[in-house]
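Residue numbers (the UniProt record's numbering), protein chains in the order written: chain A, 1 to 270; chain B, 1 to 226.
Worth flagging that the hints you see were computed from the coordinates, not collected in a lab. Treat the hints with care, as some may be off.
Here are the simulated EDC-like pairs of lysine to aspartate or glutamate, each with C-alpha atoms no more than 16 Å apart in a straight line [claimed, not checked]:
| id | chain 1 | residue 1 | chain 2 | residue 2 |
| --- | --- | --- | --- | --- |
| 1 | A | Lys202 | B | Glu24 |
| 2 | A | Lys205 | B | Glu67 |
| 3 | A | Lys174 | A | Asp212 |
| 4 | B | Lys188 | B | Glu157 |
| 5 | A | Lys185 | A | Glu237 |
| 6 | B | Lys112 | A | Glu195 |
| 7 | A | Lys202 | B | Asp118 |
| 8 | B | Lys110 | A | Glu245 |
| 9 | B | Lys129 | A | Glu195 |
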Amino acid sequence: MSLLDLKVYEDVTVADVLVVIVVVVFATIIAKIATLNLRRVLADKMKRDQLELLTKIVYWSIIIIALLSVAPLLGLNLSGLLVAGGIAGIVIGFASQSVVANLVSGIFLMIERPVKLGDQVEVGGVSGFIEDINIMSTIVRTYDGLYVRIPNEKVFTSNIVNYTGNVARRFEYKIGIRYNDDADKAVEIIKEVVENHPFVLKYPKPDVFVEDLGDNAVIISVRMWAPATEWFAVKMELLYKIKKELEKNGIEIPFPQRVVWFANELGLKR
Amino acid sequence: MYGVYELQNFHVKIKDLELGIFEENGIKIYRRDDLKKVIVADSGRVVVNPVEPVNLPKNITRYLMVELDEPIVMEPKNSEKVTLTFPIEVAVILAGKKSLEVLDVFSFVKPKYALYGDPRNGVICRYWKSEVSGEEEDFVKGKLEVEINNSSGEWVEIGKLVFDVYGMKIYYGESVVAFARANVISEKVAETEFVDKRAGKKSIELYLARRIPVVKKKFVMEWGFV
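Generate coordinates for the entire structure from the input sequences, incorporating the hints supplied.
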């Protein structure tokens with residue numbers, strides 16, 4: 001009797017265990033090669049979140065098929081496993097409620113999909129890009145480049161602000177000009193600057209109007225829509241452009257000022 | 001000028017713009033205005049042709065919205081062929097062994113974008129305003145021949161059309177031209193698509209290479225067309 005025929009438990013021999021190990025290792029290698037090639041071929045043809053989901057499905061499908069195919073070698077009865085799995089699930093559920101809560105939240109997040117990979121979000125006080133959505137947690141890369149892992153239960157129960165969830169979004173500037181400047185001319189200049197920017201959307205139309213007669217300035221409100229992926233770049237770029245264009249046309253942004261009237265003539269004359 | 005050039009002698013003037021591959025200190029350099037790119041290739045060809053107008057200043061969408069300066073009012077069950085225009089973007093493409101590389105895309109038209117539909121479900125489109133029976137202009141705007149078919153039982157007013165540029169075939173030669181079809185299904189819904197009718201030399205399609213070919217090229221305008 002050779003070493004390979006040695007029984008580990010019941011009818012399972014060392015050879016069976018070795019076969020299982022080889023199959024699992026082989027399946028892992030195949031899965032890695034398959035996902036690598038999928039990424040290579042589809043990287044520029046699919047959205048990143050869809051590609052991530054596809055590669056995860058392919059990877060785990062290969063591993064699970066391999067495990068199921070070698071399960072009988074280890075003496076595992078699949079129907080029995082399901083029953084055992086159900087019981088084990090209940091036990092684990094009671095033992096580790098937060099883990100199960102995260103798991104269930106993760107599944108619901110994957111179904112509801114309030115966020116997807118690459119979105120800019122704010123979840124539970126953390127702002128940044130969604131890096132990964134796992135079954136137990138969601139990974140956010142903050143704008144400072146920090147790695148933040150948020151348990152899915154927290155993501156699921158928090159208010160989620162998805163800055164790039166819609167295709168377009170609006171932003172606003174409030175620009176003050178002097179009272180003696182021509183507000184109509186200022187509005188025209190601002191409209192022209194806004195019109196000339198490619199990513200300030202034609203529709204919905206931008207709004208430029210005198211919103212308030214403030215203490216120190218006439219306040220012009222500039223509201224515009226931009227593609228959600230571009231809005232911040234547009235916002236950074238346009239404000240200073242508007243300021244420069246107004247100044248070029250003799251319209252200035254005033255400093256705070258106050259006109260003081262004295263009841264009696266000041267005794268400053270000598 | 002549109003066409004295919006040998007890498008070594010590529011030097012063209014389009015309007016007042018000069019572009020070409022020049023040799024400086026033994027290095028090949030592609031130059032257009034301030035843009036410079038070093039080319040490492042012994043042989044190959046350079047293709048200059050109009051491409052789908054969704055690349056500038058950067059590619060953020062695959063949809064083109066053409067707004068008509070005068071809306072078309074059409075009776076039920078009628079069809080009409082109209083000549084609109086579309087903005088031209090010119091691509092300079094390196095054609096090597098079995099593969100293409102986009103070297104540069106430029107345009108003489110200022111790009112502008114618009115939202116079609118609502119911010120949640122709508123689409124960002126490259127915006128273009130066109131005359132009905134529009135004239136083409138060299139390197140600025142090409143002809144877009146659209147066959148509009150009102151298959152609904154209602155009078156409809158068409159003020160804009162949105163197309164998916166995937167599958168947009170642009171032909172150049174005597175004129176730059178593309179062909180499309182718009183089928184009005186109801187007062188609010190129409191189906192649009194680019195169609196292929198041979199009319200000269202066909203441009204290399206940039207968008208075809210970027211997507212998986214199963215993507216549907218028909219676009220359903222479900223937010224109206226006024």
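Cross-check of the supplied hints:
With a C-alpha separation of about 44 Å, the suggested pair Lys202 (chain A) and Glu24 (chain B) falls outside the 16 Å cut-off, and the hint is violated. The suggested pairing of Lys205 (chain A) with Glu67 (chain B) holds, with an alpha-carbon distance near 14 Å, which does not exceed 16 Å. Using a Cα cut-off of 16 Å, the hinted pair Lys174 (chain A) and Asp212 (chain A) holds, with the two alpha carbons roughly 10 Å apart. Restraint check for Lys188 (chain B) and Glu157 (chain B): the C-alpha separation of about 10 Å stays at or below 16 Å, so the hint holds.
Only pairs whose Cα atoms come within 16 Å are accepted, and Lys185 (chain A) paired with Glu237 (chain A) is rejected, the gap being roughly 22 Å. Distance check on the hinted pair: Lys112 (chain B) and Glu195 (chain A) sit about 9 Å apart at the alpha-carbon level, within 16 Å; holds. Proximity of Lys202 (chain A) to Asp118 (chain B) is assessed by CA-CA distance (about 14 Å); at most 16 Å being required, the pair is judged to hold. For the hint linking Lys110 (chain B) to Glu245 (chain A), the alpha-carbon distance of about 19 Å lies beyond 16 Å, and the restraint is violated.
Between Lys129 (chain B) and Glu195 (chain A), the direct Cα distance comes to roughly 14 Å. Compliance with the 16 Å bound is thereby established for this hinted pair.
Hint violations for this structure: numbers 1, 5 and 8, all remaining hints satisfied.
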